[in-house]
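Colleague: All chains, full assembly: derive it from the sequences and hints.
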Amino acid sequence: MNRREFFKISWGTVGLAALVSGVGVSLAAVVRFLMPSVFYEPPQSFKIGEPGDFPFGPPTFLVAEKIFVFRDREKGFAVASAVCTHLGCTVAHFSSDQRFHCPCHGSVFAADGSVQHGPAPRALDWFEVTMARDGKLLVNKDKVVPPNYRLMV
Amino acid sequence: MNLIREIWQSIVRRDPLSTDKGKSELVFLNVWLHIHPAKVKKENMKFRHTFYLGFITFFLFLILLTTGIALMVYYRPYPPQAYQDMKDLQFAVFMGTFLRNMHRWAAHGMVICVFLHMCRVFYTGSYKKPRQFNWVIGVLLLLLTLSLSFTGYLLPWDQLAYWAITVGTNIGSYAPLIGGQLRELLLGGHSVGEGALIRFYVLHVAVLPAAMILLTIVHFWRVRKDGGLSRPVWKLKGKKEELVTIGAPAVAVPMQASAASKDKTYGLMEVVSGKPIFETVTPEEEEDTVFSYPYAFVREAVVLMATVTTVMTMSLFLNAPLEELANPAKTPNPAKAPWYFLGLQELVSHSAFLGGVVAPALMVLALLAIPYLDRNPSRRPRDRKLILWLFTIFVVANLALIVIGTFFRGPGWAMVPPWVHVVGGAE
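Which chain is which? The protein sequence lines are A and B, in order. Residues 4 to 156 in our numbering are what the first sequence spells out, letter by letter. Residues 448 to 874 in our numbering are what the second sequence spells out, letter by letter.
Quick caveat, the hints were computed from the structure, so don't treat them as lab data. Possibly wrong hints are sitting among the right ones.
[As the list claims (entries may be wrong)] Heads up, incomplete: computed chain B residues facing chain A, CB under 10 Å, no partners named:
#1 G615
#2 Q628
#3 G635
By construction, the Cβ of each residue, glycine as well, lies at the ideal position given by its N, Cα and C atoms.
Modeller: Structure (structure tokens):
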């Protein structure tokens, strides 16, 4: 290798490395730019009211939070997600058969949230519900609990 | 008077159209027209060879651009104003309904025509060498058309819009490795809301149309460089059929200079060695050509006017649907996408990953790979029986899925034949 070839190859390598890293960093920056740094979204943990606000029997559907609040005389409180695990449609709870039905692709979930029919890949989520200091029920959507989880009041 | 003539001649610098030179200059001195050749083959203009589907698609896109810009004037991409603006367009804005109808029906027409155009190109074998890559660009244009439709029907922020974003972005989240981030990137958050609407709006009015325009330019340029519209092989007499529309001689031969006739003017730009990759008009073919002006231009103008008239007539009598305001709490039952996505919806109703990610990805890959996998040089149907059958099965399967999704699915996506009337929902 003579001097000319050496410089051709080394400068070429340096130039290519600079180009690739420059483009790579720019692309990464663009993707990062598109990911919001702050989400102005409702909190995942929120109070839903006093225990007395919820009747026994059929679950109460909270529209904005997309949850069902169950209250049982013996077992207590439980909170189920109303978001279908297939593609995110809102399921309905039928009191006639005590099951959850998704209108989009026909998934059916049993009373404990497990999949009985349709394309849903996993059971409905149950969220942790606790009693806040002010005596209100506190739901935390970040904490998924087993279907038999209950809060006795 | 002299000044007016001088101004006119400074704008239009060609010879009078009564002369052949003027007819040629009309084309190649004009930045908009020079994508055409000065002369076209008579065969290329036959309606039954192409059904002008590419032109119709392009003209529908022009309608979409113009009506889309008009609709932007009255649209705020922010919930729930977006929905109010739809109502304004329907009831308050002069010609608002009409423009929205035109935009909607032209969009549906474009999906149909892109698909039919693809079928025409496939069945005539026009994706073969040297046009392979133009087929790839065509497939990308089909995907862009579908993406524009998808981002477009989200904008009214009605029930269809809301649940289509919810379902559509959730399908994306099943993609391996990047799924979750992809959904967050599209929504600009974790749930469907104002962040999602503005992102889909930017895609719909800026990013995707820009990509569409750029790829369309490349698509047209390559058609022109490859010898114009491809003709059915059985219409070509006296020449080796495989070589005529698909370009290069099998072995490199030096370019032959053809004798210049005395009533033509040639400009010799540069002489390079090598063979042309695109079709050149040989002296004997010269007799089968006519000037683009007026023959090709008149036909294109007729197709343009027919397209616009059809869309306008439809828009007078058929109103674009608008459902009620988006309601996150209540999913409509059944929640159906527009007809061209119901095949996909039928697939995801069986499995979100296999039907929503794997099957569509395989279909797109297969379409993209067709010109490179099909090594058969012949364009005659009798030599291509197997691949014609395969493609026909592909087309019929897609149509069948759409028909099932459209007519055979009822509340809860249960199988309900169209002749059975369902009273009320499943609730």
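Colleague: Please verify that hint: Q628/B, Cβ, nearest Cβ of chain A, below 10 Å or not.
Modeller: holds (8 Å)
Colleague: Should the interface hint for G635/B be scored as holding, given a Cβ-Cβ cut-off of 10 Å against chain A?
Modeller: holds (6 Å)
Colleague: Does the closest beta carbon of chain A sit nearer than 10 Å to the beta carbon of G615/B?
Modeller: Check passed: Cβ of G615/B comes within 8 Å of chain A, closer than 10 Å.
Checked against the numbered hints given earlier, the structure satisfies every one of them.
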